[in-house]
Amino acid sequence: MSIEFDSYDEVSTDDEHLFSTPLGTVCEGWKEAKIPMNNTETFSAVVQFVDEKKLQSESLLHYSSAEQLVIVGGARQNDMMPFTNEKGVPAEATSVVHDFNKGYEYALDSSRCVRLSALPNNTADVLSSAEGALTLGPIMNMLIASDLMFGNYGQVLNSDGRMLDVYRAIDKKTNDTVEAYFYGAQLENYATYKLVNGVPTLSSHAQFTHSPADVVPTLVERIRSCFTQTASAPSENNTFTFEVKSSMSQFSKFDWAVHYKPLYRNYKRCVWPGS
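Residues 618 to 892 (my numbering) make up the sequence shown, in order.
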């Protein structure tokens, strides 16, 4: 049997729901799929975030497995540094550097070193062994909860013309839906949906503006000053003691709009948890 078409029309906006799953919706029995992000590459981005109260903030994340460095800066949430979730960082510090090669943490402001300390063992970027050795964890530990089970929900056309892969998961702790948008192996957007009056509603979202990995040179002098300041007040024998735990090597406006194309023809029953 053969079928021929004389013509066809683009699916109208009103009918698009017949071909795609709605935003924030998961499908019962959907096949699990691993998100494509490469944990070994350098990741450097400015992240614009809108929370549940519609407050906007901006943060920086630089991660390099080759350099064994993590750099975070920008807006804090609940007194925690972004991405590493570290508490107790001096209020005047605008950025924090974790140096896994040397085992140091540098807390910096815009012009100087605020504090030099040992690497913490309880932040999102650190893996701690039973013996107390600290190693650099995977980048995903700082971006997406490791216990989420994602499914691949096809592709969407971003407003800049790129096709993004869509992954969705249910956060069993909150019953929220988490959506992650990837361009290849590069995380572009991240969103959380809550159920409001039976309808999945966008609660918070983040957009990643990837930038060249040139953050480190801008911090070198401030990092050096951490040692200069510490050494400027020596003990009686002109030495200073510093406890270091072992370390081993192992913004533009928000552009959130995505436009669905008719990529879905058949899909299983889609439900919102608790509905």
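A few of these clues could be false.
FRET-style restraints, in silico, Cβ to Cβ [as the list claims (entries may be wrong)]:
1) D831 with A708: 47 to 57 Å
2) E669 with G705: 21 to 31 Å
3) G705 with A650: 30 to 40 Å
4) L774 with E748: 46 to 56 Å
5) S727 with P639: 40 to 50 Å
6) V816 with R841: 51 to 61 Å
7) M697 with A747: 40 to 50 Å
8) A747 with S776: 13 to 23 Å
9) A650 with S776: 22 to 32 Å
10) S746 with V816: 42 to 52 Å
Computed list of lysine-lysine pairs in DSS-like fashion (alpha-carbon distance at most 30 Å, straight line) [claimed, not checked]:
11) K719 with K811
12) K648 with K811
13) K670 with K648
14) K671 with K811
Hints are computed from structural coordinates only; laboratory data are not their basis. A quick note: this is a predicted structure, and the numbers were derived from the prediction, not measured. The C-beta atom is built at its ideal place from N, Cα and C for all residues, glycine as well.
Flag every earlier hint the structure violates by its number, smallest first.
Numbers 1, 7, 8, 11, 13, in rising order.
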